[in-house]
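Protein chains: 2
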Amino acid sequence: MARVNENFLKLQSGFLFPEIARRVEAYTQEHAGAVADKPIIKMGLGDVTQPLPAACVEAMHKAVDEQASADSFHGYAQHVGYDWLREAIAEHDFRSRGCDIAFDEVFISDGAKSDCANILDLLASGGVNRMAITDPAYPVYVDTNVIAGNTGAGLEGGGYEGLLYLAMTPDNGFDPPKPTEPVDVVYLCYPNNPTGAAIGKEALQAWVDWARERDVLLFFDAAYEAFITDPAVPHSVFECDGAAECAIEMRSYSKSAAFTGTRCGYCVIPKALTAKTAADDRVQLNPLWLRRQRTKFNSVCYIVQRAAEALYSDAGKAQVRERAAYYLENARLLGAAIRAAGLSVHGGENAPYLWVGTPDGMDSWGFFDHLLREAHVVVTPGAGMGPAGEGFVRVSAFPSREDVERVVERVGPLL
Amino acid sequence: MARVNENFLKLQSGFLFPEIARRVEAYTQEHAGAVADKPIIKMGLGDVTQPLPAACVEAMHKAVDEQASADSFHGYAQHVGYDWLREAIAEHDFRSRGCDIAFDEVFISDGAKSDCANILDLLASGGVNRMAITDPAYPVYVDTNVIAGNTGAGLEGGGYEGLLYLAMTPDNGFDPPKPTEPVDVVYLCYPNNPTGAAIGKEALQAWVDWARERDVLLFFDAAYEAFITDPAVPHSVFECDGAAECAIEMRSYSKSAAFTGTRCGYCVIPKALTAKTAADDRVQLNPLWLRRQRTKFNSVCYIVQRAAEALYSDAGKAQVRERAAYYLENARLLGAAIRAAGLSVHGGENAPYLWVGTPDGMDSWGFFDHLLREAHVVVTPGAGMGPAGEGFVRVSAFPSREDVERVVERVGPLL
Numbered sequence: 001m002a003r004v005n006e007n008f009l010k011l012q013s014g015f016l017f018p019e020i021a022r023r024v025e026a027y028t029q030e031h032a033g034a035v036a037d038k039p040i041i042k043m044g045l046g047d048v049t050q051p052l053p054a055a056c057v058e059a060m061h062k063a064v065d066e067q068a069s070a071d072s073f074h075g076y077a078q079h080v081g082y083d084w085l086r087e088a089i090a091e092h093d094f095r096s097r098g099c100d101i102a103f104d105e106v107f108i109s110d111g112a113k114s115d116c117a118n119i120l121d122l123l124a125s126g127g128v129n130r131m132a133i134t135d136p137a138y139p140v141y142v143d144t145n146v147i148a149g150n151t152g153a154g155l156e157g158g159g160y161e162g163l164l165y166l167a168m169t170p171d172n173g174f175d176p177p178k179p180t181e182p183v184d185v186v187y188l189c190y191p192n193n194p195t196g197a198a199i200g201k202e203a204l205q206a207w208v209d210w211a212r213e214r215d216v217l218l219f220f221d222a223a224y225e226a227f228i229t230d231p232a233v234p235h236s237v238f239e240c241d242g243a244a245e246c247a248i249e250m251r252s253y254s255k256s257a258a259f260t261g262t263r264c265g266y267c268v269i270p271k272a273l274t275a276k277t278a279a280d281d282r283v284q285l286n287p288l289w290l291r292r293q294r295t296k297f298n299s300v301c302y303i304v305q306r307a308a309e310a311l312y313s314d315a316g317k318a319q320v321r322e323r324a325a326y327y328l329e330n331a332r333l334l335g336a337a338i339r340a341a342g343l344s345v346h347g348g349e350n351a352p353y354l355w356v357g358t359p360d361g362m363d364s365w366g367f368f369d370h371l372l373r374e375a376h377v378v379v380t381p382g383a384g385m386g387p388a389g390e391g392f393v394r395v396s397a398f399p400s401r402e403d404v405e406r407v408v409e410r411v412g413p414l415l
Numbered sequence: 001m002a003r004v005n006e007n008f009l010k011l012q013s014g015f016l017f018p019e020i021a022r023r024v025e026a027y028t029q030e031h032a033g034a035v036a037d038k039p040i041i042k043m044g045l046g047d048v049t050q051p052l053p054a055a056c057v058e059a060m061h062k063a064v065d066e067q068a069s070a071d072s073f074h075g076y077a078q079h080v081g082y083d084w085l086r087e088a089i090a091e092h093d094f095r096s097r098g099c100d101i102a103f104d105e106v107f108i109s110d111g112a113k114s115d116c117a118n119i120l121d122l123l124a125s126g127g128v129n130r131m132a133i134t135d136p137a138y139p140v141y142v143d144t145n146v147i148a149g150n151t152g153a154g155l156e157g158g159g160y161e162g163l164l165y166l167a168m169t170p171d172n173g174f175d176p177p178k179p180t181e182p183v184d185v186v187y188l189c190y191p192n193n194p195t196g197a198a199i200g201k202e203a204l205q206a207w208v209d210w211a212r213e214r215d216v217l218l219f220f221d222a223a224y225e226a227f228i229t230d231p232a233v234p235h236s237v238f239e240c241d242g243a244a245e246c247a248i249e250m251r252s253y254s255k256s257a258a259f260t261g262t263r264c265g266y267c268v269i270p271k272a273l274t275a276k277t278a279a280d281d282r283v284q285l286n287p288l289w290l291r292r293q294r295t296k297f298n299s300v301c302y303i304v305q306r307a308a309e310a311l312y313s314d315a316g317k318a319q320v321r322e323r324a325a326y327y328l329e330n331a332r333l334l335g336a337a338i339r340a341a342g343l344s345v346h347g348g349e350n351a352p353y354l355w356v357g358t359p360d361g362m363d364s365w366g367f368f369d370h371l372l373r374e375a376h377v378v379v380t381p382g383a384g385m386g387p388a389g390e391g392f393v394r395v396s397a398f399p400s401r402e403d404v405e406r407v408v409e410r411v412g413p414l415l
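Chains A and B, in that order, are what the protein sequence lines are.
Per full-length UniProt numbering, the first sequence starts with residue 1, numbered consecutively.
Per full-length UniProt numbering, the second sequence starts with residue 1, numbered consecutively.
In case anyone wonders, no lab produced these hints; they're calculated from the structure.
Check the hints yourself; a few may be wrong.
When chains are identical, the list treats them as one kind, so a pair holds in a single copy or across two.
Straight-line C-alpha distance at most 27 Å; calculated DSSO-like pairs for lysine-lysine [what the hints assert, rightly or not]:
| hint | residue 1 | residue 2 |
| --- | --- | --- |
| 1 | 317 | 62 |
| 2 | 10 | 271 |
| 3 | 271 | 201 |
| 4 | 178 | 271 |
| 5 | 42 | 10 |
| 6 | 62 | 38 |
| 7 | 38 | 271 |
Start from the sequences and build out the full structure, keeping to the hints where you can.
Here's what the structure looks like:
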């Protein structure tokens, strides 16, 4: 009989966001009348509300028409994305910022979640590699390591044996100290989900230097790069000297271009990047990822790749900037209201998330429940994103302006 | 330093289809003039040439417009696909044929390749499970098992240590004898890629009965179901009694609805299906897959899911039937010409592939090279799809009618 992957059984709960949805649904069932009078506003999921940029809409209609005729029909794409999209990315997202990235170091995918998850296929599993993960973090980093057998059992209070958690706190400016014990891989995410923190060029260069000295692989999640406003904040890890020898970067169009329901992102794996075999030989990861994607993936919808390409037109770039400005203004309004109510607030300036300390005596899920009951507002409990998230909630700036204004009204008097 | 997944280094060559493309490209470079006079016709890749069905085009334009406005915008989908699509599939593809499949046993994906590859995440890796794979087969089955560490080294003459190959031959009617040694998982694909063979209801029931008796898990790839013309051929493994306790089925819209560049498929994992733990407990695979997809995948583009839904309208169904009939007529024309030239031909009646014996004294790659050089026609060398594929080539019926007629003209005199 087939043996199951028992690592799944270590997972401590459902994936965080379905768990939030379940609690909201249960509350709604029980209080249907109250909810009808004062609808629930969801700021718990990082989903966008502004529609697709007009440049994408135009490109998609055109591409649909191409697919409607045998003369212009596109079947299987190149497995890792069309070269015209890879080249546009290399040019506009990297070379224009001084990062020496070639088109064939860019791999198109259906989103940063897939890349953050699948990248583990390239590495030995079962705990051979010692993984360090910033805490709190996007749950995908931890859960995929659990599934791959890189952890032990779940621990009381959250977290798993065998993972090294790097606590991001207000005290360390959300840039945790470098690990002192041996590690093989470090996950970093800047601008950070969930704390909304950004990292300066020097601090990121320090990570790269540290990783190169110790031969550590960095997974750098830059899904929120479009929200950077501070010119001192790097947009890519590849702005740092030597990063091509130690880092993989993941990017997404989900938040910048409203692609949460359209699905496209990419990762950058430099040709200079290697990992080692048991015999201590070095193996390039770029061709391994190409082989992995050719074997397990069939690229992204042609129509969607055309939409992504349109984001690099002048119109597309302007529409992405408009969206970022809209959500950052949301963050400013929310931050001011929460701060005025006396709570501590972090983030929101280079990222679409606010990281809010819970009121005295309330834990993350307690404050989540309180806001749900009293204000009909859904936030993300920080504890759901890692042990160091306890005592915080994440507030998303992605709702519509109207909903943000309602939240400001509801939450102010409550706190 | 991070340790690489050394299983990748066991892979014997590039993924088959890029290897074919490489050879065609090299020939074209060397013989540019001859190729200009007589363009190369590609029947090597299973890619379609007919455009998207009109029902899909209409649904996609409408969905693009929905995504263009905040009022009708769709962000993150349900992780395993929208319920309306899952329900349409359960009803039209299964319950209408007497298979008792519920919507929450259907999981939408970006294609059968992804599902066939990712399904291994649910099982213990590193060789704990003994895998049996029909031979020849879609290379994804074998290569993903290599990457997961379920095999030993590559063998002379193709194949890998540790996998059990079930040879499909004309002598056994492309329905191999059941394994006599212990196995945990068997991959089956009917209508078959690459041999074009179909399986009757009784023969498939015999596999299900055998699997249930021995507690074996069946992976049933039904990507070519739309091409079945014989009423005695089952469209789903779930037409067999008891299959819900032993089988997972993969389906794709790639070939039936021209989705090779659009990307959508699904798998069916019945709630009755289990695998076991080391302690011999049984674990349901349906909720494990839900957890896997929520953690590692973010569903399929909304616009694409609407296109898939449109395939279940009366117009959509008719357009799928038209496409199947078109390609099957291609197969008939090709089969008649090749047979007239004196070669043995199998398949093509319930599948869009012909399985052609090579002329005396030529092996698969030899015949591939011969047809490329002499006729400028690209086929798939059978040996590239498994050891038992030696001595055959796969001819795809997916080119346009015009190209098929050209191939018939070119190949007849050559053989």
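Now for the hints, and whether the structure bears them out:
1. 317 with 62: Answer is both; intra-copy 19 Å and inter-copy 25 Å each pass.
2. 10 with 271: Between copies, since 21 Å is at most 27 Å while 35 Å is not.
3. 271 with 201: Cα proximity of residue 271 and residue 201: one copy only (23 Å, versus 51 Å across).
4. 178 with 271: within (26 Å within a copy, 46 Å between copies)
5. 42 with 10: neither (29 Å within a copy, 48 Å between copies)
6. 62 with 38: neither (41 Å within a copy, 32 Å between copies)
7. 38 with 271: Close neither inside one copy (54 Å) nor across copies (38 Å); limit 27 Å.
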